[in-house]
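Chemist: Sequence:
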Amino acid sequence: MLKLSGLQLLKGLTLPLTSSLLRHTLVALPPCIATSRAVSNKIDASISGSAPVETENEGKVKVVLLRSVSGLGAKGSVVDANAGWMRLQLFPRKAAVYATPENILKYSMTMEERLSRQDPKLRERFQLEGVMNILCRMHVSISRKHSNSSDPEAMVGTVTSWDIVKAALIQGGVQLDVSHLMMSQPISAFGTYKVPLNLRTRDDRQVELTVIVNSVKQINYGKSSV
1 MLKLSGLQLL KGLTLPLTSS LLRHTLVALP PCIATSRAVS NKIDASISGS
51 APVETENEGK VKVVLLRSVS GLGAKGSVVD ANAGWMRLQL FPRKAAVYAT
101 PENILKYSMT MEERLSRQDP KLRERFQLEG VMNILCRMHV SISRKHSNSS
151 DPEAMVGTVT SWDIVKAALI QGGVQLDVSH LMMSQPISAF GTYKVPLNLR
201 TRDDRQVELT VIVNSVKQIN YGKSSV
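Residue numbering for the sequence shown follows my numbering, starting at 1 and increasing by one per position.
Careful: at least some of the hints might be erroneous.
Below, a list of computed lysine-lysine pairs in the DSS-like style, where the Cα atoms sit at most 25 angstroms apart [said to hold, decoys possible]:
1) K166 with K94
2) K145 with K194
3) K75 with K94
4) K94 with K145
5) K62 with K75
6) K145 with K106
7) K145 with K60
8) K166 with K194
9) K145 with K166
10) K75 with K60
11) K106 with K75
12) K106 with K94
Listed next, with one range per pair, are the computed distances between beta-carbon atoms [claimed, not checked]:
13) D203 with D177: 20 to 26 angstroms
14) E102 with R202: 26 to 32 angstroms
15) G130 with D151: 36 to 42 angstroms
16) L88 with S179: 53 to 59 angstroms
17) S150 with T192: 46 to 52 angstroms
18) M182 with I134: 27 to 33 angstroms
19) D204 with R137: 15 to 21 angstroms
Since the hints were derived computationally from the structure, they do not count as laboratory data. Predicted, not measured: the structure shown is a model, and the values here were computed from it. Beta carbons are placed, not taken as given, at the ideal position from N, Cα and C, and that holds for glycine.
Start from the sequences and build out the full structure, keeping to the hints where you can.
Modeler: In C-alpha cells:
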C-alpha cells in the first residue's frame, strides 16, 4: 500500500483548486476568526455579570481591584488592565472585577481612603474624624436622685467629667479622657446640656456631646450605672 506523507496529501488536495477559488478561500477565513473572538468576548462578559468598560488604549479594560496588585494599583483602585490578563488571571483569581457602575460603587475606594491605608497618620486622622462624627450625634443619659428641696431642678450630688466619660464608654462605646471635656464645673441640676470637647471637625466645627441628666427616685448602683 502506498503511504503518502502529510505534505504530499496536502499538495494532492490543493492542486485541483483554481487560483481564484484559493484566493476566495483565504479571504473568507479572517471574518470567521473575528466572529469567534467576538463570541468569546461576549462569553467572558456574561461570566462577569456585565460587559467590561473599554478604554481608548487598545487591548485594555477598566477594572476595580479587589486586592492590591503589584505594578497595577492598590485595593479599591479603578485602573486600566490588559484585557487578556484580566480575563485569564485577575478575574478568575478574584483579584479584580470589571469596572461596571455597580462594581465601582460597591468595591472602589475614595482617594482619601486609599491614602489612609498607606499612611498610618492619615488612617488615625480618619478614625478620629469618625469618632467625632459619632460624638456629635451621641446622647448620654445620667441619672440622679431629686433632693428634698422645693427646687424642682435640685438634685443629690453632681455630674462630673468622670461621670460623662463613663457614660460615653458604656452607652456609646467611645473611650474619652476627662481632658477632652471642657467643663469649668460639674453639672448640678437636671436637664439637657451641650458639653463642648476640645476637638474640632475638619470644617472647624466645635464637637459637642449631649448630656441628659434625669431625675429618678432610686439609683441601682453597679458597673453599668452612671
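Chemist: Given the proposed pairing of K106 with K75, does the C-alpha separation stay at or below 25 angstroms?
Modeler: This hinted pair holds, its Cα atoms lying about 13 angstroms apart.
Chemist: Does 15 to 21 angstroms hold as the CB distance between D204 and R137, or does it fail?
Modeler: Holds - the Cβ-Cβ distance for D204 and R137, about 18 angstroms, lies within 15 to 21 angstroms.
Chemist: Would you check the hint for K145 and K166, treating anything up to 25 angstroms between C-alpha atoms as holding?
Modeler: Answer holds: K145 to K166 is near 18 angstroms, not above 25 angstroms.
Chemist: For the pair we were handed, K166 and K194, check the Cα-Cα distance against 25 angstroms.
Modeler: holds (17 angstroms)
Chemist: Is K75 close enough to K94, meaning Cα to Cα at most 25 angstroms?
Modeler: Holds: K75 and K94 sit about 12 angstroms apart, inside 25 angstroms.
Chemist: Take the C-alpha atoms of K94 and K145, compute the straight-line distance between them, and say whether it is at most 25 angstroms.
Modeler: Violated, at about 60 angstroms.
Chemist: With a cut-off of 25 angstroms on the C-alpha distance, tell me whether K166 and K94 pass.
Modeler: It is violated: about 45 angstroms lies between the C-alpha atoms, which goes past 25 angstroms.
Chemist: Hinted pair, alpha-carbon criterion (25 angstroms max): K145, K60. Please report holds or violated.
Modeler: Status violated; Cα separation ~71 angstroms.
Chemist: Return holds or violated for the Cβ distance of G130 and D151 against the range 36 to 42 angstroms.
Modeler: Once the Cβ atoms are compared, 41 angstroms apart, the range 36 to 42 angstroms for D151 and G130 holds.
Chemist: So if I understand the rule, the pair passes when the alpha-carbon distance is 25 angstroms or less; does K62 with K75 pass?
Modeler: Holds - the C-alpha atoms of K75 and K62 are around 14 angstroms apart, at most 25 angstroms.
Chemist: Assess, step by step, whether the Cα of K145 is no farther than 25 angstroms from the Cα of K106, and give holds or violated.
Modeler: violated (50 angstroms)
Chemist: Between E102 and R202, does the beta-carbon spacing fit 26 to 32 angstroms?
Modeler: holds (30 angstroms)
Hint compliance for this structure: hints 1, 4, 6, 7, 17, 18 are not met, and every other hint is.
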